[in-house]
Amino acid sequence: MHEPANADRLPLMACHECDHLYRLPNLADRSLARCQRCGTILARGMKNSLDKTLAYTLTALVLFMIANTYPILGLKAAGQEQHYTLFSGALVLVQYNLWEVSVTVFLTSILFPLLHILGLLYTLLPLRGARLPRYFIPVFKVALSTLPWSMVGVYMLGVLVSIVKLADLATVVPGLGLYALVGLLLASVAAAASLDPLSIWQLADRLRRER
Amino acid sequence: MSRPTLTARQAGLASCHTCHLVVKKPQGHDKAHCPRCHSPIHSRKVDSLSRTWALVVAAVILYIPANLYPVMTVSKLGSGDPSTIISGVMHLIHSGMWPLALIVFVASIVVPVGKLAILIYLLLSVHYRSFRKPKDRTVLFRLLELFGHWSMVDVFLVSILVALVDLGFLATIEPGVGVLYFGAVVITTLFASRAFDPRLIWDVIDDDLG
Ligand SMILES: [Zn+2]
Ligand SMILES: [Zn+2]
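First to last, the protein sequences are chains U and S.
Under the numbering used here, residues 1 to 211 are what the first sequence spells out, in order.
Under the numbering used here, residues 1 to 210 are what the second sequence spells out, in order.
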């Protein structure tokens with residue numbers, strides 16, 4: 001990254017992995033600013049970041065609801081048939097006195113992804129109409145801090161492995177919930193890639209000042 | 001760039017952990033809050049090294065029962081077959097599903113062991129004020145953040161199998177206490193890598209340059 005001419009008016013930014021100070025230039029669409037000494041991504045330039053994030057997050061909400069309503073997998077063997085949902089998968093370990101594991105599965109596969117989606121919608125929908133919602137700061141912080149603990153992708157890998165493990169035991173039938181879960185994963189990845197927290201904080205700051 | 005390296009700390013500034021706003025560094029025991037997002041401002045993560053060490057030691061200890069105790073027992077027609085994390089990976093390799101076996105091998109064995117090894121190396125390198133390849137060490141830290149949570153796959157797998165498989169006399173799957181220890185290892189190492197402050201790697205070098 002090089003210093004632009006009108007550097008004094010640009011916001012200061014410190015690399016969060018090596019603390020090097022920069023003046024952050026306005027970035028072109030699809031461009032990255034990297035720290036020149038440690039390589040960390042400092043900021044991303046993105047057109048329509050807010051609209052894209054909202055579209056993907058709304059899609060994610062719909063898919064989240066489907067994934068939580070319908071069975072993920074079904075099992076057929078010797079005339080018996082059974083299935084499980086995301087919620088029953090999280091809950092089952094309580095019966096075996098492993099409630100700590102149950103809570104962990106529930107938080108990382110259901111509650112944190114939901115809080116992330118709802119937090120983004122609650123804060124970004126009004127911002128798009130140039131309005132600052134009440135409790136913007138705590139809600140947006142919840143939306144940001146639940147992202148690293150939302151593990152839909154890892155859960156998906158767990159489903160794949162279980163299908164392989166069960167192949168010699170019974171016939172595994174994918175449920176509607178599984179397809180929704182795949183869609184949810186794709187929508188979440190797209191939403192996370194288009195979210196630009198820095199520009200959201202700046203926008204919220206500007207709206208607060210104008211109020 | 002020709003001018004000498006200038007960090008936020010050297011300039012008397014600090015950046016907010018949450019929204020990355022650069023503000024004046026709090027002096028002494030002042031409790032400063034970010035004007036933009038109200039988060040507490042610290043120039044460096046508080047007690048980073050001692051917190052990271054504590055969590056790493058806890059994870060290493062928990063890793064032993066996590067691999068000794070079975071994570072689940074598969075019962076077919078009455079006879080039980082307990083499996084640990086390692087035997088689960090072996091089973092997948094023998095089933096011939098190579099790509100999946102490789103991913104699970106990485107997620108359930110390479111990632112937890114590698115994470116602890118990297119964290120110990122980073123902690124020692126900061127402790128002994130190493131000058132070696134700070135950029136590469138920062139990249140190692142970034143890898144921790146990127147791949148750390150993939151070990152959760154074993155915990156999810158057990159919960160899925162137990163919830164799904166209850167075929168009466170034909171087959172049942174019961175969880176073992178190993179999954180509790182393994183889950184604890186994953187969560188503890190996730191907190192450990194969040195407790196480590198990669199800027200400490202660079203502070204040694206910046207202090208020396210003045
Ligand atoms: Zn840097
Ligand atoms: Zn802040």
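Check the hints yourself; a few may be wrong.
[Stated by the list, open to error] Here are the simulated PhoX-like cross-link-like pairs (lysine-lysine), alpha carbons at most 20 Å apart as the crow flies:
1. U/76 with S/76
2. S/45 with U/141
3. S/45 with S/76
4. S/25 with S/45
5. S/31 with S/45
[As the list claims (entries may be wrong)] Listed next, the stretches of chain U that the computed footprint assigns to chain S, with coverage defined by at least 3 CB atoms under 8 Å from CB atoms of chain S:
6. 45-57
7. 60-69
8. 89-96
9. 99-113
10. 117-123
11. 129-137
12. 180-194
Since the hints were derived computationally from the structure, they do not count as laboratory data.
All of these numbers come straight from a predicted model, not from anything done at the bench.
Just so you know, even glycine gets a beta-carbon here, dropped at the ideal spot from N, CA and C.
For each hint, the structure was consulted:
1. U/76 with S/76: Status holds; Cα separation ~15 Å.
2. S/45 with U/141: Holds, because 18 Å separates the two Cα atoms, which is no more than 20 Å.
3. S/45 with S/76: Outside the cut-off at roughly 51 Å; violated.
4. S/25 with S/45: holds, 13 Å
5. S/31 with S/45: holds, 14 Å
6. 45-57: violated (count 0)
7. 60-69: violated (count 0)
8. 89-96: Coverage by chain S holds here, the residue count being 6 at a Cβ distance below 8 Å.
9. 99-113: Since three or more residues must qualify, the claim that chain S covers the region 99-113 of chain U holds, with 7 doing so at under 8 Å.
10. 117-123: Per the Cβ count (0), the hint is violated.
11. 129-137: violated (count 1)
12. 180-194: It is violated: at least three residues are needed, and the region 180-194 of chain U offers just 0 whose Cβ sits closer than 8 Å to chain S.
Going down the numbered hints, you'll see the structure goes against 3, 6, 7, 10, 11, 12, while the others check out.
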